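Enquirer: Chain by chain, the residues:
There are 2 protein chains.
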Amino acid sequence: MDFHTDFKPMTVQPQEIERTSLATITAEIGDHPFTEEQYPIVQRVIYATADFELGKSMVFHKDAIQAGIQAIKNGEKIVTDVKMIHVGISKQRLDKYGCKVKVHISDPDVIEEAKRLNLTRAIVSIRKSVRESEGGIYAIGNAPTALLELIRLVKEGVAKPSLIIGMPVGFVSAAESKEELAKLDIPFITNIGRKGGSTAVVAAVNAFSLLAYSK
Amino acid sequence: MDFHTDFKPMTVQPQEIERTSLATITAEIGDHPFTEEQYPIVQRVIYATADFELGKSMVFHKDAIQAGIQAIKNGEKIVTDVKMIHVGISKQRLDKYGCKVKVHISDPDVIEEAKRLNLTRAIVSIRKSVRESEGGIYAIGNAPTALLELIRLVKEGVAKPSLIIGMPVGFVSAAESKEELAKLDIPFITNIGRKGGSTAVVAAVNAFSLLAYSK
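So the protein lines, in turn, are chains E and G.
Numbering-wise (this note's numbering), the first sequence opens with residue 1 and increments by one.
Numbering-wise (this note's numbering), the second sequence opens with residue 1 and increments by one.
Rather than coming from a laboratory, the hints here were simulated on the basis of the structure.
In this text the structure is predicted, and so the values were computed from the model without any measurement.
It cannot be assumed that every hint is accurate.
Which copy? The list can't say, so a pair holds if one copy fits it or any two copies do.
[Stated by the list, open to error] Here are the computed lysine-lysine pairs in the PhoX-like style, where the Cα-Cα straight-line distance is at most 20 Å:
id	residue 1	residue 2
1	Lys96	Lys56
2	Lys100	Lys83
3	Lys183	Lys62
4	Lys91	Lys128
5	Lys160	Lys128
6	Lys155	Lys73
7	Lys83	Lys102
8	Lys100	Lys183
9	Lys102	Lys155
10	Lys155	Lys62
11	Lys183	Lys155
12	Lys102	Lys56
Kindly produce the complete structure, drawing on both the sequences and the hints.
Expert: Written as structure tokens, this is what we have:
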């Protein structure tokens with residue numbers, strides 16, 4: 001087989017791709033309601049999804065940015081609802097602060113308990129994360145049941161996350177779960193409507209580790 | 001801590017969520033250019049992203065559906081460009097056919113070769129997959145460089161994939177790489193424009209294993 005090892009299909013380098021992409025987003029986004037602090041998170045979500053509508057549907061609690069940066073600098077855990085988000089989060093910068101990324105959805109004890117209680121694994125894995133330790137960034141992009149359970153535990157005073165990034169996607173309960181999140185008076189980031197998902201949540205978390213690293 | 005174990009935040013079961021979601025998509029999609037065979041793939045991509053615009057931007061080679069189903073039934077490999085797609089693909093049905101899901105982006109020899117040749121790891125990992133064996137479904141949702149390299153190797157007669165699902169996302173080269181893919185006369189699925197991404201590609205691959213399983 002013939003592999004032309006001198007072949008360079010891209011004339012631009014990764015840093016150049018990033019710079020061009022971020023500049024394009026700023027040139028095209030138009031009017032938006034975001035503060036200077038919030039905008040880099042929105043920009044990274046749009047970079048990852050090429051979806052201005054999704055980015056512009058984002059909603060921030062007033063303390064969200066500072067809370068997220070501080071949580072990372074404190075070395076708090078980052079809890080995800082699904083493995084795709086766990087895998088997508090860049091670990092290199094987080095390691096510097098001692099932040100661990102955790103997902104319990106496939107833990108044998110979670111699977112067993114979900115069966116026993118007839119609950120979704122998403123719910124039981126959130127309970128396990130809350131039980132393990134206080135604080136942390138909860139990054140939920142898939143399961144409305146996980147987000148609703150976390151909101152319930154916050155309301156009951158059982159869960160005390162430092163920041164909730166809640167952007168589950170879908171046609172049933174996703175939008176409703178995010179409306180519930182937006183009613184909380186603790187640091188959250190969410191979006192309005194059906195869209196969301198793993199890619200958006202990964203981009204938001206990675207944007208936070210860039211912010212923490214640069215401040 | 002107080003966990004109400006009798007708490008059921010969702011009144012609907014997973015099968016019910018799926019049924020309702022798929023019916024909502026069919027009710028809302030309106031006019032579209034897809035055949036009866038292609039529609040289930042589009043529907044699953046919309047289900048995973050809640051993005052009708054993305055779903056409706058999809059483009060199919062005329063043989064794509066049959067080629068994908070046949071590749072799975074033959075137990076061919078599924079090659080992904082990033083770990084998020086690898087993790088997101090449901091392995092249970094694929095295992096029945098002996099299909100293995102492969103991603104080489106973090107293999108030590110790939111990292112070493114990329115440095116030595118001053119190429120992206122995405123390019124080198126696609127070369128490794130092509131070298132390993134013929135055929136397979138290539139599921140690319142992130143790196144335009146991976147897709148462009150695969151297209152180049154197809155044109156040179158070096159790569160002979162059974163199906164390319166190429167939907168990289170982004171502001172630089174993503175749309176262009178998909179336009180190049182759509183010119184090939186081998187089975188492909190792609191979409192027009194900047195959108196795409198891991199979630200969409202995972203949904204398409206999982207839709208294929210459902211189709212293979214049901215036929």
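Enquirer: Each hint should be assessed against the structure and marked as holding or not.
Expert: Against the structure, the hints:
no. : hint               : in the structure
1   : Lys96 with Lys56   : neither (31 Å within a copy, 42 Å between copies)
2   : Lys100 with Lys83  : both (14 Å within a copy, 18 Å between copies)
3   : Lys183 with Lys62  : within (12 Å within a copy, 48 Å between copies)
4   : Lys91 with Lys128  : neither (22 Å within a copy, 25 Å between copies)
5   : Lys160 with Lys128 : within (13 Å within a copy, 46 Å between copies)
6   : Lys155 with Lys73  : neither (26 Å within a copy, 49 Å between copies)
7   : Lys83 with Lys102  : both (9 Å within a copy, 16 Å between copies)
8   : Lys100 with Lys183 : neither (28 Å within a copy, 44 Å between copies)
9   : Lys102 with Lys155 : neither (23 Å within a copy, 43 Å between copies)
10  : Lys155 with Lys62  : within (19 Å within a copy, 53 Å between copies)
11  : Lys183 with Lys155 : within (11 Å within a copy, 55 Å between copies)
12  : Lys102 with Lys56  : neither (28 Å within a copy, 35 Å between copies)
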